[in-house]
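Using the hints, put the two standalone chains together into the complex.
Each chain is listed here by its residues.
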Amino acid sequence: MEFPGDLRYTKEHEWVRVEGTRARVGITDFAQDALGDVVYVDVPEMGASVQAGSTFAEVESTKSVSDVYAPVSGTVVERNESLGDAPERVNEDPYGEGWIVVVEMGDPSQVDSLMDAATYEAFMRSQAGG
Amino acid sequence: MSESGEDLQRTPLEAEHVALGARMGPFGGWYLPIEYAGTLAEHEAVRERAGVFDVSHLGKVIVHGAGALACLQRALTNDVAAIQVGGAGYGMALNARGGIVDDLITYRLGEDRYLVVPNAANVEAVEEVLASHAGGDAGVVPRPDLCTIAVQGPRAFDLVGRVVPEALELEYMHGHEVAYQGKPVVVARSGYTGERGFELMPPADLAPGLWRSVLEAGEDLGLAPCGLGARDTLRLEMGYPLHGNDISQQRTPLEAGLTWAVAFDKGDFTGRDALLRQREEGVPARLWGLRMEGKLIPRSHYGVFVGDEHVGEVTSGTFSPTLRIGVALAYLTPRDRFSAGDRVEVDVRGRRGDAVVVHPPFVDRSPK
Numbered sequence: 017m018e019f020p021g022d023l024r025y026t027k028e029h030e031w032v033r034v035e036g037t038r039a040r041v042g043i044t045d046f047a048q049d050a051l052g053d054v055v056y057v058d059v060p061e062m063g064a065s066v067q068a069g070s071t072f073a074e075v076e077s078t079k080s081v082s083d084v085y086a087p088v089s090g091t092v093v094e095r096n097e098s099l100g101d102a103p104e105r106v107n108e109d110p111y112g113e114g115w116i117v118v119v120e121m122g123d124p125s126q127v128d129s130l131m132d133a134a135t136y137e138a139f140m141r142s143q144a145g146g
Numbered sequence: 003m004s005e006s007g008e009d010l011q012r013t014p015l016e017a018e019h020v021a022l023g024a025r026m027g028p029f030g031g032w033y034l035p036i037e038y039a040g041t042l043a044e045h046e047a048v049r050e051r052a053g054v055f056d057v058s059h060l061g062k063v064i065v066h067g068a069g070a071l072a073c074l075q076r077a078l079t080n081d082v083a084a085i086q087v088g089g090a091g092y093g094m095a096l097n098a099r100g101g102i103v104d105d106l107i108t109y110r111l112g113e114d115r116y117l118v119v120p121n122a123a124n125v126e127a128v129e130e131v132l133a134s135h136a137g138g139d140a141g142v143v144p145r146p147d148l149c150t151i152a153v154q155g156p157r158a159f160d161l162v163g164r165v166v167p168e169a170l171e172l173e174y175m176h177g178h179e180v181a182y183q184g185k186p187v188v189v190a191r192s193g194y195t196g197e198r199g200f201e202l203m204p205p206a207d208l209a210p211g212l213w214r215s216v217l218e219a220g221e222d223l224g225l226a227p228c229g230l231g232a233r234d235t236l237r238l239e240m241g242y243p244l245h246g247n248d249i250s251q252q253r254t255p256l257e258a259g260l261t262w263a264v265a266f267d268k269g270d271f272t273g274r275d276a277l278l279r280q281r282e283e284g285v286p287a288r289l290w291g292l293r294m295e296g297k298l299i300p301r302s303h304y305g306v307f308v309g310d311e312h313v314g315e316v317t318s319g320t321f322s323p324t325l326r327i328g329v330a331l332a333y334l335t336p337r338d339r340f341s342a343g344d345r346v347e348v349d350v351r352g353r354r355g356d357a358v359v360v361h362p363p364f365v366d367r368s369p370k
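Chains as they are written, first to last, in the numbering used here: chain D, 17 to 146; chain F, 3 to 370.
The shape of chain F in the complex, shown without the other chains (with noise of 0.2 Å):
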């Protein structure tokens, strides 16, 4: 993969992170920006105003006939049936093992029209499970032309207010199409950072002005933009697990604690009896929080340990700019053997550090 990012695809909006200072770099296959005045002031914008994100690296792919909400329900673990025209619902699209192929947000745009954002790097992955359950009546169609704006944090709705007023209507996890500058643009209460926000997800002609108009509309309200590297430390504080990092093809809904999001009811779908399988011969682990209690930084992969006995491995780790201290996800075993506030030890490059296993999220925010 080449550092300068030849190789790598490229968002509409790059000439706009480059004239403002923004350090680029890959991810997922995309180069995007990792930050512009640093992450930790852009962490703590997001956390106290408003940031605004170039996540145009985010898949979308249209489903729509007849026959959508039957690929949908085969092909998720959510229960589409129950999103109301409007309305969002996270799910993952499973193997056949019950591992993740993808964690992803389904829109219902219209009465048989869908749109399905999946991960940057499983993209094509999430298009040949949808198409495999696709049938004569429902067609997937990927729209890499569309790209994503995300405003988050406090001042989120003052910002967007002054630029797309009809997203003001929206609640939580609620989306819909306006028109903007005579083209539709879909509008979502959506994001991944804990805060109140807005994602937007103009054609890549409209994505230069609309970027442009949220800067110019956040100017008074304490607006930065964000990279990559905030969006991280964002999500890593509430908990949220990342794709490729803290969930896989080889880790099931059951172990990542995701099981809030498997309708097992709604009838069959992909990964569903391996999942009920799973459940009944037992599960092996469990996605937990770590909240470090020294200076330590826990990293992905580093050890867990009780003593001796090593218990799991962490998947994500950083430090948490609001707490000031470093906080992970990490896999622990066997499933039941940890509860809230039990201790653990994290081997920090051959140091221990002290761990406390908590609930996450690690900080007390809500994106509702």
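Isolated chain D (complex conformation) (with noise of 0.2 Å):
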């Protein structure tokens, strides 16, 4: 499983790649593979205002839907309209043509309470140990 340095993540499993004061949004590998085949994304409104630990999305896979929590606040700005007929790139692809919306950020330094990739997977160690 891959969990690509230049991001940030999330508890829930949310990843955020900073693009200048934009934050590119989707979920981990990890939430993918737990998910199973995803067959649905609910993806916000283009304009949609998203506060940080809210959920903002839903990915439905086969069996069940989970709920996507916003890791920073803000605009959504773009939204992946792919994912539409193409749910399954979420699976493919988390952390390139999965990514769900970018959203311009109220407070850039929101990024820096997410944790990096080492943190994240010590993170995921200690749930599956307990």
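Since the hints were derived computationally from the structure, they do not count as laboratory data.
Since we're looking at a predicted model, the values are computed, not measured.
One or more of the hints may lead you astray.
To list a few chain F residues with every Cβ distance to chain D over 10 Å, as calculated [said to hold, decoys possible]:
no.: 1; residue: P28
no.: 2; residue: A136
no.: 3; residue: A181
no.: 4; residue: A263
no.: 5; residue: L298
no.: 6; residue: R351
Reference excerpt, derived from the structure (chain D facing chain F, CB under 7 Å, subset only) [said to hold, decoys possible]:
no.: 7; residue: F46
no.: 8; residue: G52
no.: 9; residue: V59
no.: 10; residue: E76
no.: 11; residue: S82
no.: 12; residue: D83
no.: 13; residue: R95
Rough simulated footprint, nothing fancy, chain D against chain F, three-plus residues with beta-carbon under 8 Å [as the list claims (entries may be wrong)]:
no.: 14; stretch: 31-41
no.: 15; stretch: 310-324
All C-beta atoms, glycine included, are put in the ideal place defined by N, C-alpha and C.
Written out as structure tokens, the structure reads:
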């Protein structure tokens, strides 16, 4: 399982890629693997306001539906339209083609409170052990 | 219930599943494969080629002796007397109120020897029902030592012909015992996927070898090992009810659309009076299929509406891999209000999804 070093991570298994004042957001390799085959992604509308720690999207697999929590607060400025016809991209390429939205951050320093790759991996090991 | 399965019943094939990289999980008190490569790929393998499932959690109970037929006739809804040796029948065990204790298949293995196959979670309840009707001249013998390996899909005949050639003689809903490595193994033309296929019931010690033989024989046929995830999407595309979801002790065969499996004229059986009474007084609800129109996916317990009026509840729902749209089973009330083609809405976590009322199956497949 891969956790790229240039991303930041949440305990709810979302990732963030900082692009200037914007944050690209998706779910991690761990999250997509746990979900199984993704068959539907409910992507928020352009201009939607998202709150760090609140639900902003849903990812649904053949067996269940999972909330996706916003890692940072801000406004949706890009949404991955291609997930409408190809939700499997979340499974196939979670850090690339499977991104969900880009958020213009209200406070870019929020990213500092997210985990780096090493911390996220350690967090998951502690979860697995518990 | 433990995640790693310590408190659950184990299948003798567990090591095979782990070696194949299966994701295991709890179902009906058992620790079983949920998926291997992925539910969508497994579903497609069964619809287009072949899939093999470990469904060893399915119960097996032998009913034998001079009184076996009389016992089954009183315990079950279907006419067991109509089943020839080598044949099988689908029916239900009911409680006194007409509620469904379990739905099950009865195979007639010999003149006075039957194999009853209940759902995993209902084995004890069915054994109790059978024992209560057995009298002195019928024996009820649980056979937890038997496994079940289901081979399903358009290429199941090619595949099973290489492993248990005698199975090819069977017609749909027939089963008999054949000798496999010197021991009797029940082979049957049955399943829960809507595809043509077989269920093989070897004793535990032969099961791993038979499982491996099936996988080897299927190598050039596009066979996939399949988990309970695909079993559920496959059965739901056919509209087959699952006990515990779509049918239960609180629902009768008249509500569930299973009247075809009730032989009212065969004589008395548990629940018959209650069903006749319900038929007289009116059936409160009816199990329908719902086909979603948009992208939303219905799940069990979601409400069904006409405008603001709550008209029912989803009992099973999923994404249909074949249709690439949500499908569901739902009880709608009152019974005679709806007909195929009517439009309703499903409340999908606060959003309304349009749906059409249909008679399942949702897909044009047949296991015959």
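Hints, one by one, checked against the model:
The beta carbon of P28(F) sits about 13 Å from the closest Cβ of chain D, which is more than 10 Å, so the claim that it is off the interface holds. For A136(F), the non-interface assignment is confirmed: its Cβ lies about 40 Å from the closest Cβ of chain D, beyond the 10 Å cut-off. For A181(F), the shortest C-beta to C-beta distance to chain D comes to about 39 Å, beyond the 10 Å cut-off, and the non-interface label holds. Every C-beta of chain D lies more than 10 Å from that of A263(F), the closest at about 29 Å, which supports listing it as non-interface.
For L298(F), the condition that its CB be more than 10 Å from all CB atoms of chain D is violated, with the nearest at approximately 8 Å. At roughly 7 Å from the closest C-beta of chain D, the C-beta of R351(F) falls inside 10 Å, breaking its exclusion from the interface. A cut of 7 Å between beta carbons decides the hint on F46(D): the least distance to chain F is about 13 Å, and the hint is violated. With 7 Å as the threshold, the beta carbon of G52(D) comes within range of chain F, its nearest partner Cβ sitting at about 6 Å, so the hint holds.
The closest approach between the C-beta of V59(D) and any C-beta of chain F is roughly 11 Å, which is over the 7 Å cut-off, so the hint fails. Taking 7 Å as the C-beta cut-off, the interface hint given for E76(D) holds, the closest approach to chain F being about 6 Å. Hint status for S82(D): violated, given a least beta-carbon distance of 12 Å to chain F, over 7 Å. With 7 Å as the threshold, the beta carbon of D83(D) stays out of range of chain F, its nearest partner Cβ sitting at about 10 Å, so the hint is violated.
A distance limit of 7 Å between C-beta atoms decides the matter here; for R95(D) the minimum to chain F is near 15 Å, and the interface restraint is violated. Requiring three or more residues with a Cβ within less than 8 Å of a Cβ of chain D, the coverage given for the stretch 31-41 of chain F holds, as 4 such residues are present. Proximity of the stretch 310-324 of chain F to chain D, defined as three or more residues with a beta carbon under 8 Å from a beta carbon of that chain, is established by the 3 residues found.
The structure fails hints 5, 6, 7, 9, 11, 12, 13 (numbered hints given earlier, in ascending order).
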